[in-house]
Amino acid sequence: MKGYRILAVTERVLRQLWHDRRVLVFMLLLPAVAMLLFGYSFSGDITDVRVAFVDEDRTDLTESILESLQEDDVFDVTVLEHVEDPERFLLDEGYQAVIRIPEKFTSLYYAHFAMGVATSAQGTIDLTLDESDPQIATTIRMGLADAAMDLGEGGPVEIETRELYGVEVRFIDSFAPAIMGLVVALISTVLTLLSIVREKVDGTFSRVWVSPARRAEFILGYVLAFGLIAWVQSLVVLAVGIGVFDIVINGSILWAFTCVILFAVGSVGLGTLMSALAQTESQAIVFFPLVILPSVLLSGMMWPIQAIPRLLRPLSYLVPLTYSNRLLRAVMVKGLAPWEEPLGFAGVLVFVVLTILLASVVLRQSAGERE
Amino acid sequence: MADRGPAFVAQSLTKRFGALRAVDGLSFAIELGEIYGLVGPSGAGKTTLIRMLCGLTEPTDGTARLLGAPMPAGRRTVEHRFGYMPQERAVYRDLTVAENLLFFGRIYGMSRSRIRERTRQLLDLMRLEGHADQRADRLSGGEKQRLSLACALLHEPDALLLDEPTIGLDPALRREFWDHFHELNERGRTILLSTHYLHEAEWCGRVGLMQRGRLIAEGTPDALRRDAARRSGRIGPEDAPDMEDVFLILTAAAVPSAGGVG
Numbered sequence: 051m052k053g054y055r056i057l058a059v060t061e062r063v064l065r066q067l068w069h070d071r072r073v074l075v076f077m078l079l080l081p082a083v084a085m086l087l088f089g090y091s092f093s094g095d096i097t098d099v100r101v102a103f104v105d106e107d108r109t110d111l112t113e114s115i116l117e118s119l120q121e122d123d124v125f126d127v128t129v130l131e132h133v134e135d136p137e138r139f140l141l142d143e144g145y146q147a148v149i150r151i152p153e154k155f156t157s158l159y160y161a162h163f164a165m166g167v168a169t170s171a172q173g174t175i176d177l178t179l180d181e182s183d184p185q186i187a188t189t190i191r192m193g194l195a196d197a198a199m200d201l202g203e204g205g206p207v208e209i210e211t212r213e214l215y216g217v218e219v220r221f222i223d224s225f226a227p228a229i230m231g232l233v234v235a236l237i238s239t240v241l242t243l244l245s246i247v248r249e250k251v252d253g254t255f256s257r258v259w260v261s262p263a264r265r266a267e268f269i270l271g272y273v274l275a276f277g278l279i280a281w282v283q284s285l286v287v288l289a290v291g292i293g294v295f296d297i298v299i300n301g302s303i304l305w306a307f308t309c310v311i312l313f314a315v316g317s318v319g320l321g322t323l324m325s326a327l328a329q330t331e332s333q334a335i336v337f338f339p340l341v342i343l344p345s346v347l348l349s350g351m352m353w354p355i356q357a358i359p360r361l362l363r364p365l366s367y368l369v370p371l372t373y374s375n376r377l378l379r380a381v382m383v384k385g386l387a388p389w390e391e392p393l394g395f396a397g398v399l400v401f402v403v404l405t406i407l408l409a410s411v412v413l414r415q416s417a418g419e420r421e
Numbered sequence: 022m023a024d025r026g027p028a029f030v031a032q033s034l035t036k037r038f039g040a041l042r043a044v045d046g047l048s049f050a051i052e053l054g055e056i057y058g059l060v061g062p063s064g065a066g067k068t069t070l071i072r073m074l075c076g077l078t079e080p081t082d083g084t085a086r087l088l089g090a091p092m093p094a095g096r097r098t099v100e101h102r103f104g105y106m107p108q109e110r111a112v113y114r115d116l117t118v119a120e121n122l123l124f125f126g127r128i129y130g131m132s133r134s135r136i137r138e139r140t141r142q143l144l145d146l147m148r149l150e151g152h153a154d155q156r157a158d159r160l161s162g163g164e165k166q167r168l169s170l171a172c173a174l175l176h177e178p179d180a181l182l183l184d185e186p187t188i189g190l191d192p193a194l195r196r197e198f199w200d201h202f203h204e205l206n207e208r209g210r211t212i213l214l215s216t217h218y219l220h221e222a223e224w225c226g227r228v229g230l231m232q233r234g235r236l237i238a239e240g241t242p243d244a245l246r247r248d249a250a251r252r253s254g255r256i257g258p259e260d261a262p263d264m265e266d267v268f269l270i271l272t273a274a275a276v277p278s279a280g281g282v283g
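Protein chains in written order, with the working numbering: chain A, 51 to 421; chain B, 22 to 283.
It should be emphasised that the hints constitute simulated quantities derived from the structure, not laboratory data.
Chain A is faced by these chain B residues, among others (derived, beta-carbon under 7 angstroms):
{"#": "1", "residue": "Y105"}
{"#": "2", "residue": "P107"}
{"#": "3", "residue": "L116"}
{"#": "4", "residue": "F124"}
Keep in mind that this is a model prediction, so the values were computed, not measured. Using N, Cα and C, we set each Cβ at its ideal position, and we do this for glycine too.
Isolated chain B (complex conformation) (with noise of 0.2 angstroms):
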């Protein structure tokens, strides 16, 4: 259960899909108890890099880790052990709430009694309550996307990799699901999570910029402050830089290697 070392490894990991890098060189390091935010435009190879971590797409070069063990060689020994949330809302539209759970449940190997508890738990937390006998293509797409999320959290996984969670939802509801995320960082659980919403870096523990598959800038919103107002020769508090700016900035400064490689 306690493993040394981090939750996700990259090293040198790259992806070509034909002449196309989706995800090229890029090396990182996430530790357990993290909250990490990879956040840049789409096509920015986000997804990719998610896909490679959880063993669904087969890395052209470089190792991708996850929970200690190499991905996918490894997936077998880590599956019982982290979550998986698709950027498609992954659930079987023509099921209803409660069977959705039910059947990840039981493919995780869960108890039918324990499902049952756990979609309580879930639906309560994820406020579907009245939802569970309704069938998910009747749900509204904000209340799909939780019960997705409740799908990968039903087996209780140490580790959680959301690709895009929030995507498409109103700001109150993206509010709501930080303060899940963060309620779950809380009791101990790690987050890889994925977004283009520039300012939903800010409530992360640590944030990875991408852009063209590569790894720009890595850090606490803070020090990407810090680092953004350096190079850009801003010094007051009060035109501190906002994380839109942040990423601006960060990227202009990353064009000329970037163009480098291609």
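Bound conformation, chain A alone (with noise of 0.2 angstroms):
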């Protein structure tokens, strides 16, 4: 492996982007006009959030607060005795909520119901909110006031939450990750499948093939050259979300280009595994709605997960972008590590994986098979 090799294949497709203008526009235009574009809420109906329920009062009143929720889709309820720390039990066991019933809630509820609202002393009930998805916060925030108000007949009971990640997170601030790697996947994936279509077509391929050059060299090419242009879109999308949308950024930004060039490199993968399937260019270009409609409608980008459809759901987690918008969500939003949310980060790491080693494998083979 000659480092100077993988350089010839970096900067002649470097090269081949920088002549070909149209596609160097829509390159650096599309993460913009995307982060533009999408820049508007979009909601589904949201079922199965998993949320944590501790009642510490165990009175009817609090018993039927329980059932209303467990009644309502949107909620996957379980019940638990006592959480010590709830913050730390949301980052740890994948919760989006702990709703707490504290001690006397019912009796101060009753009270205050009696005399009016002229006294201060209030039923309260605690809300831990994981705020990294807005979507779903704000659904679990109607969720639980319904809850509260079909109590009928009692005064109004007071909602107190605390955010997880300290300021409250807007929909813009982590739909910016979800755009990072859309973007990304889209031109990595794309560019890479039709320039190695074309190096069959025109039998540059061949050339390739007899000349020193290793397939692991000629991809590593690619990847360097992909992992450039995805580190420049994500400074155009952060641009332009800083910019026009004031966005909030907890994490390191460091740990995002990490992460968004390590799913570049998947994609340049995935790219040259399709590659296979296409013997000419407009072959290759059926396969691009192959990559963008998954992207864009389940893997949570656009509505959460758990706004899908039940049966549909297990196709997301065959979506590259699922695992990338947990990753990059977690690492922008919430300002953890890439390890601490594990299966994103496994996800992206299996999938950079499983498309390098196997891209390789297909190249040997396209590399034989002609005529």
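Hints are included, so try docking the two chains, each in its own frame, into the full complex.
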């Protein structure tokens, strides 16, 4: 393996893109346009949000709150005896919220009812909330408020909310990481696919194959080129996000770039894999919707995965962008290190290793199978 | 450097694609310093034979050797020493002429300054001087083909495998290409090329006539002509057959045995 040959491929790919100004402009505009266009909220019916219910009062009244939460499709309620530190609990256990009803809730509630609005003592429910997906957070707030309303004759119930990450996270804040992943996935996959198919059609592939260049060098050359492009695209998304939408980034930008570039590597692998299935450029174009649609619809980018019909949800976990979204949101919104979001991190790593290994196998075959 | 033995060898070389025998038990040996022309109609198996010799296609049976190395297993030992020009005008259409040469030079490990020097020489040789910064897809067919040949020559290989290098060129340009080939050959390069222009066989040192994956006749152009004349009963020099006649006469003679295997 020789560094200069990897760089030769990288330089060549970048030069080819440089000559194709339309693609170049597209690559820089796409992240900006996507960020602008999708800077609006989407909302499906959210269901199966995991919440923990801690009842420290244990009365008929609190029982009825639990029942009405359980009846609501939105929630997947787990009843717990006691939670020591709700914030720690959320981070560790993967729940979206902890709803805690403190002791004396019932007596305070009826006291308030009996004495009218004059008193300040009032039944209070503690809500500890993972805000990293604002749509889910809003749904939880509304669902809990509904459950409290259902109590009927009672006075107002106060819901005291603690946001896990300190600030209130807006939709747009959690949307930026998804846009980053989407743009990188599209550009890296589609352009790698097109470029390799074009090499096959034009015969330059054969020429590279009889040269001293190795498959690994060829793939790494592409990886380097698109890693660089992914980084620039992330900068564009962040620039528009911060400049126009004033997004808040709680985490480390450096980790975010690392994860985006990692995801780009997997996408290059995926593009290479797909190139094995296409002999001509028009065949390659057929694959584009296959990359785009699941990424947009199923990855939890526009609406949370909990808003996708239950039957389709397993498909979400076949879409690479699902893992990238989890990972990038954890890093950028929650301010975690990548390994503190194990599912997202592992998903992206598996994606990278699997596609790059398979790509290497596939390239060996396409080199030999012509005519 | 100085290999003993032939530049290219095929021994009972066979490639099957499904039921089709693209190359069918073919044997030949091409010595260092030869210009050898594979002549035959398209579909005769010339491209497959060349691709097996440079390690791109794995033989179904038999062996292929390039500069002594078994192909494709041994291609790493000889990859710097041969140049291959595929039938497609295999250049990057969205790179300029100079950038194409830069890329191929770099993957052969040449320094940038050496590549610049070779680029100047080759553009001069191929009469592409003014086109260094022109994108390959803006070149004419002939220019693109000259660029493609330049890419194969860039790293100064000892042996050249050229697949239909003159296809689609006008007669004057074809002549010019052949002048290049002879010049390269005089400077010690071994050349194996394929063509379906029968009269180009005249310009080769040795010719192999290919039909249906087999070598039906082989020899110097003169020897082939004599052979054909003998078979067809022509004697006098005035009715010596041209290469087209030679091909027709020799293929007709080969038909019975070709039918036997099918």
